[in-house]
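Trainee: Here's the letter readout for the chains.
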Amino acid sequence: MSAPLVTRQDEFLKTDELFINLGPQHPSTHGVLRVGLTVKGEVIVKAVPDVGYLHRGTEKLSEVRGYHHCVVLTDRWDYVAAMPNNLVFCLAAEKLMNLQVPERANYLRTIMCELNRIASHLLFFGTYGIDIGAFTPFLYAFREREMVLDLFEMACGARLTYNYIRLGGVMSDITPEWTSKTREFLDYFKARLEEYDSLLTYNPIFQDRTKTVGLVSADQAIAWGLSGPNLRASGVDYDARKFEPYAAYDKVRFEVPLGKGGSCFDRYFCRVREMGESVRIVEQCLDQMKEGEFMAKGVAKVPKPQPGEAYAHVEGARGNLGIYLVSDGGQSPYRMHVRAPSFINLAILQEILEGKKVADVIAILGSIDIVLGEVDR
Amino acid sequence: MSAPKNPADKHAASNGSSAKVPPAAAVVPPAPAAPAKPAPKPKVEIKEPVFNPAYKGALLTHDRYWPTQRWKAPWSLRSYRRGALALGALLLGAFGLTAAVGELAPWGALLQSAVSGLLSSSFAASGVWILLKVLVVLHIILVAPIFLVWWERKISAHIQSRLGPMTVGGWHGWLQTVADGIKLLFKEDITPIAADRWVHRLAPVIVVIPAILAFAPISFGRELAAADIDVGVLYIFAVAGVSVIGIVMAGWASGNKYSLLGGLRSAAQLVSYELPRSFSIVPVLMFAGSLNLTRIADSQAGYWFGVIPRWYIFYPVVGQISFLIFLIASVAETNRVPFDIPEAESELVAGFHTEFSGMKFSLFFLAEYAYVLLASCLTAAFFMGGGGSPLPWAPWTWIPSWAWFLAKTLGIVFCFLWFRWTFPRFRVDRLMDFNWKFLLPWSFVNIALASIYLLI
Numbered sequence: 001m002s003a004p005l006v007t008r009q010d011e012f013l014k015t016d017e018l019f020i021n022l023g024p025q026h027p028s029t030h031g032v033l034r035v036g037l038t039v040k041g042e043v044i045v046k047a048v049p050d051v052g053y054l055h056r057g058t059e060k061l062s063e064v065r066g067y068h069h070c071v072v073l074t075d076r077w078d079y080v081a082a083m084p085n086n087l088v089f090c091l092a093a094e095k096l097m098n099l100q101v102p103e104r105a106n107y108l109r110t111i112m113c114e115l116n117r118i119a120s121h122l123l124f125f126g127t128y129g130i131d132i133g134a135f136t137p138f139l140y141a142f143r144e145r146e147m148v149l150d151l152f153e154m155a156c157g158a159r160l161t162y163n164y165i166r167l168g169g170v171m172s173d174i175t176p177e178w179t180s181k182t183r184e185f186l187d188y189f190k191a192r193l194e195e196y197d198s199l200l201t202y203n204p205i206f207q208d209r210t211k212t213v214g215l216v217s218a219d220q221a222i223a224w225g226l227s228g229p230n231l232r233a234s235g236v237d238y239d240a241r242k243f244e245p246y247a248a249y250d251k252v253r254f255e256v257p258l259g260k261g262g263s264c265f266d267r268y269f270c271r272v273r274e275m276g277e278s279v280r281i282v283e284q285c286l287d288q289m290k291e292g293e294f295m296a297k298g299v300a301k302v303p304k305p306q307p308g309e310a311y312a313h314v315e316g317a318r319g320n321l322g323i324y325l326v327s328d329g330g331q332s333p334y335r336m337h338v339r340a341p342s343f344i345n346l347a348i349l350q351e352i353l354e355g356k357k358v359a360d361v362i363a364i365l366g367s368i369d370i371v372l373g374e375v376d377r
Numbered sequence: 001m002s003a004p005k006n007p008a009d010k011h012a013a014s015n016g017s018s019a020k021v022p023p024a025a026a027v028v029p030p031a032p033a034a035p036a037k038p039a040p041k042p043k044v045e046i047k048e049p050v051f052n053p054a055y056k057g058a059l060l061t062h063d064r065y066w067p068t069q070r071w072k073a074p075w076s077l078r079s080y081r082r083g084a085l086a087l088g089a090l091l092l093g094a095f096g097l098t099a100a101v102g103e104l105a106p107w108g109a110l111l112q113s114a115v116s117g118l119l120s121s122s123f124a125a126s127g128v129w130i131l132l133k134v135l136v137v138l139h140i141i142l143v144a145p146i147f148l149v150w151w152e153r154k155i156s157a158h159i160q161s162r163l164g165p166m167t168v169g170g171w172h173g174w175l176q177t178v179a180d181g182i183k184l185l186f187k188e189d190i191t192p193i194a195a196d197r198w199v200h201r202l203a204p205v206i207v208v209i210p211a212i213l214a215f216a217p218i219s220f221g222r223e224l225a226a227a228d229i230d231v232g233v234l235y236i237f238a239v240a241g242v243s244v245i246g247i248v249m250a251g252w253a254s255g256n257k258y259s260l261l262g263g264l265r266s267a268a269q270l271v272s273y274e275l276p277r278s279f280s281i282v283p284v285l286m287f288a289g290s291l292n293l294t295r296i297a298d299s300q301a302g303y304w305f306g307v308i309p310r311w312y313i314f315y316p317v318v319g320q321i322s323f324l325i326f327l328i329a330s331v332a333e334t335n336r337v338p339f340d341i342p343e344a345e346s347e348l349v350a351g352f353h354t355e356f357s358g359m360k361f362s363l364f365f366l367a368e369y370a371y372v373l374l375a376s377c378l379t380a381a382f383f384m385g386g387g388g389s390p391l392p393w394a395p396w397t398w399i400p401s402w403a404w405f406l407a408k409t410l411g412i413v414f415c416f417l418w419f420r421w422t423f424p425r426f427r428v429d430r431l432m433d434f435n436w437k438f439l440l441p442w443s444f445v446n447i448a449l450a451s452i453y454l455l456i
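Protein chains in written order, with the working numbering: chain A, 1 to 377; chain B, 1 to 456.
Fair warning: there could be bad hints in the mix.
Pairs of lysine to any residue residues, derived as SDA-like cross-links and limited to a Cα-Cα distance of at most 25 angstroms, are as follows [unchecked claim]:
id, chain 1, residue 1, chain 2, residue 2
1, A, Lys356, B, Lys257
2, A, Lys190, A, Pro257
3, B, Lys257, A, Gly31
4, A, Lys190, B, Arg162
5, A, Lys190, B, His158
6, A, Lys356, B, Ala268
7, B, Lys154, A, Thr127
8, A, Lys211, A, Lys357
Just so you know, the hints here were simulated from the structure itself, not pulled from any lab data.
For reference, chain B alone in the conformation it holds in the complex (with noise of 0.2 angstroms):
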């Protein structure tokens, strides 16, 4: 027990368990009466309300950081200096490690036969190896957000002039999201109690399983597709569009008007987006003859000229008009800005996921992220080349076609964060409006243009 400090301390102290100290009154006996004669009263002194003489007016601000100071010369800050060192450290630090691990498909071969080796009936030696893919591709899409939110939180924080989350896990708030997700995990879970209780309960997982059903035909990179089937495109666009059906639900099933206006405004905007979505596309499955990512993302191997890619944006006027509907039409389907408008928080305070807390709000977000990054995986296997290495020559090809993969992945999703910070939002109407007069309309044109070069 420390001593305690202030004698308040000290009296609680000798009351309870330390009895070295007596209390106060066993040692000074009570002062003897008081004199007749009244001690003269203290003199007090009363001082003139002056302004402290040292206040200047400009001492409560002269050592604030103004950005003026910062932005006169960023090089100068030994900061800044040291991140951009510890940046290209980072990427240098990627390379070698991807250019050493290699194609993962021969390990993946590797541990295959090591399964097969240890079991000795083929049909549990394949049911293992099914299994395991599913517990890789989980955890591919159960972890990514989780990155996903705390990337987005720090590229936010950078747009907008500020640090984000810096504190949790030591190294810039790496950790912030775990954290996030561990406090959601304790959440109470509140149903109100206008609820359709059971729509209510179910909305959630609605909305998340098929998101993690649709990852199951994407190819990671060369051979790295968990079910290699030959009508993936097919069944990634049916099985993502189940979604709808949680979110109107979710809205429906919440008793709240706000809620109801978000699920059937997403209703409307989900449905809708699907046609446009599905039909840029249609030029590369012309052009790749087959709905297999890893056919169409092989498709793409080969460089013009020996420089450029054979990728389908790079091929004139279709090849980008195609990119430019499939990423606006991906951005609306997932729910984001400038798309945003099923949970426009401005308007709808947070449209179907309103009345939603906990885990079951997490499933949601869950949900988006898995969706952001569908979408860029779709992206890169359609249109960049799935693993090719944009450049033919030695530095580029050392990088594995994951790696490849990966990076392509994250560019795309930097660019629907990077709308998402930049970008005000639509209108219903003229979300409407510009899905059925403009995107639509363009996609079919696509379709026609896309044939003729067939055609040459």
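So here's chain A without its partners, still in its complex pose (with noise of 0.2 angstroms):
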């Protein structure tokens, strides 16, 4: 898999190796990220990925507040998609307290997390153009998330850290105004969807620059703990909305793609593809909800639950992401922990990186699509 590092020039010309910083200032590691190369003329030795600058104890500052207070913390972990941060807090303490979530929450956080999803994967499908070297796909990208945030704003106010998904249901209820400008938002993007493809998926110099590389066996993949569209790339077929569903997603149907290689273009592709089947998604929650509440009734204002603990995950824009949170009895969790897939599927890079080009390692860092607010938390 890995070139050969000692070619025959090397028995005749001395060469030096060379460490070079990639990051943390760096355009294309996507936030504080460093990873430390070692390279030999254009092919890493190695490379260590260097994580924390952008650490703020999230887990420890919710030991210190109440429950609806750590909703908030969760907004600034992977604030590119903020919805299922809140929604698997939320489940958590839902489990804690044993509160029930009317059926039009359920529904509306589907919708919303689906909504998220293609903002997130709009940001991946712009950076990664940007990162091969294609600038236009971007402001494409860009256009489009834009108006996903405006429909946020509509339905709760903020654009990036919503805060909407709360104990219990969600903040506020959608107007007819938000339900008629969100279909003709997805009506508009699945047109869009097909100038994306036309535009970069199907280049020949885009497709020669990620096809072959940063391949991930699923073996490889599974014993890394990847997950999200990283893991389906390699061909595994696991995403928790299918297989162990929560909110509302055993009442709609869509399809999990999956890639065959796991290379940088599968990851691609399938971020591609499921961004079209969120827009089913959304699709079919809006055809199917009824009015109702969407607030449970009875969340205590200081919510105490009993002591003991929960475990909750939801396929978030980045992966599996999981929550497990134990509390004594008091009014904060006493412990709160998360299973951040971004900084999970970190990991592999300083496996998958080693022999490749300085190139491939902006294809592939761009392909894991990481947020570093997740990874340092």
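Starting from the two chains in their separate frames, assemble the complex, guided by the hints.
Mentor: In structure tokens, the structure reads:
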């Protein structure tokens, strides 16, 4: 899999290895990631990802905050897709408190999570284009992402850190205007997906750059604990929405796009096709949703759940996002632990980067699609 | 002095120049001691934090302009129709202007005779005349990037559904590049401590000078070459090749690892792509039988069947292969997407010019655009008949040759810009494969094909 590191040239020419700090201030590390690269010419000998530049200690902070306040903290992990973060904390806390969520709230949660998945994958699509060197897809993606953010702004007033999904339901109900705007967006967006394919996906240079690069076998993916599109690109059929449905995912029909080889292109294409599936899910939810309550009755203002523990996980935009909550009966969690998919996906970098070219580092790093807010929490 | 509006300003004014308003304390005597009965506390009404009743959830965005609205019927927008009209008027005006001016060569001859009339010795006259030509060509090269950068920004913006610069200069931000240039002039010139100072200082100069020199034999129309030399093509390729040294020097002298990688990459890339670029025009030289750019352009005069111009791009198979290889190699030579590997910004930050600032940086920029212009001029001269009209009929033949040459050049420049904002970037090794295993062999095959043409 890796290119030969020692070529015949080395016997005659004395060459030196070069250490390059890729980051933490670099245009394509998507935040403050540092990768220590040891290169021989253009070939990577060793790559060590270094994280922790954006650590804010949200897990510790949650131990001195009430359950309602913790939802606010969750927005700051994966700030590109904050709805699933809200949702996973609420699911875990609701398990602790034995709260029943109304039907309409479940649908609203599903809609918001899927719209947020579209927004997040659009960001990936755009930035991945930039990583490969195509600038235009970025602005196309942001044109559509802007519309999704407008929808969020209409629904909850915030565009990035929503705090929309609350314990026992959601913050506010949606309006008929919102529904019609959303349908308008979905119709528009379906045509744009084809445009993306013709612009970037089927571009021969793009395929050449990504199809044979960063191969991750299914065994490797499972061994490193990959999840989300990174895992499914290697051909492993696992999606928490399908296999342990939460919210309203058991009431909608959708497919889980799978890749074959686990290359960068597979990871990219899985995400692009997931956007299409998200459109399907949102449309079905809008069709099926009935009038009703959007918030459960009798959610305590200062919840003090019984001592115990709960684990909940959802399929976030970046993978399997899990939360382990321990309560000691007090008004704030005794311990909160986050299974952050970005952090775990990042670890495989040191294995698959060896023997690749410098240009491939960017292609692989981009295809794993990390958000440093979630890596460092 | 205008009257101060708020009380704080009033106090400030009274302490200062204006003596009309005495200090507030002097007018209002201190209040007498408060009565024994304390004043009743004002009743503070705590309102329930409710949402604004007018808020229906849609207010925040209902008036925001979504692309869905615009794309339904663009012609219903007044600005769209007005823009189309303005564009039509612009083209028509340009047509009228060029037709009125006519060929530039007679004007040049007039100027030359005026110069020789003013100066007694013919030696001085020819010296002044050469200086004038140098000035004109120099200004073409120095002014063209100002336009090209603005044009590139507009084109990229419209490709990406944006507007681009719209403010500076009033009309569509046409002065934006001038403003940027002035800003770059005033920027601090930073030389990193780790840099090799003299090489760092020399590098941009070595990149720019060949770019300017290379324009000497270009003929911008009929009899409009500054230096009509017989080895023009050879001269251009030889001089333009020198720029590589400057880029390698820039990469090496910056004392930055990214710059070093960028410099080495560009050395490999530019030297490699010189080969297919030169070999791809060998068929053209064979057909024209000359290395003189004016003669090459003139040899393409005439029309097949009275309609199709006898440009080399229209020679079946050979012409197209030649044109494509030349275009691709030219894009690579100018370090632009999809071959912008030396300055791949997502990998190497900015490649060889990472550590350059101010005017040094803008010299690299100038050289890049000068080379884009040069490549486009060469393409127009080699493959599109120089200043020849594409159609032999009246309205087209009114347009003089320099205008046709300009239009063709700008058309090719547009292709360069179009590529840049559409394609992703190659990887280094694939770039080399593409050059050595694809372009170069095909350029050889093309020479063989061209020789068959000549034999028939």
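Trainee: Next, verify each hint and record whether it holds.
Mentor: Going down the list of hints, with the structure as the test:
1. The straight-line distance between the Cα atoms of Lys356 (chain A) and Lys257 (chain B) is roughly 18 angstroms, inside the 25 angstroms bound, and the hint therefore holds.
2. Using a Cα cut-off of 25 angstroms, the hinted pair Lys190 (chain A) and Pro257 (chain A) holds, with the two alpha carbons roughly 17 angstroms apart.
3. Restraint check for Lys257 (chain B) and Gly31 (chain A): satisfied, since their Cα atoms lie roughly 21 angstroms apart, inside the 25 angstroms limit.
4. Between Lys190 (chain A) and Arg162 (chain B) the alpha-carbon distance is near 21 angstroms, which keeps this suggested pair within the 25 angstroms criterion.
5. Restraint check: the Cα-Cα separation between Lys190 (chain A) and His158 (chain B) comes to about 22 angstroms, which is no more than 25 angstroms; the hinted pair holds.
6. The hinted pair formed by Lys356 (chain A) and Ala268 (chain B) meets the criterion: a straight-line CA distance of about 19 angstroms does not exceed 25 angstroms.
7. With a C-alpha separation of about 22 angstroms, the suggested pair Lys154 (chain B) and Thr127 (chain A) falls inside the 25 angstroms cut-off, and the hint holds.
8. With a C-alpha separation of about 14 angstroms, the suggested pairing of Lys211 (chain A) with Lys357 (chain A) holds against the 25 angstroms cut-off.
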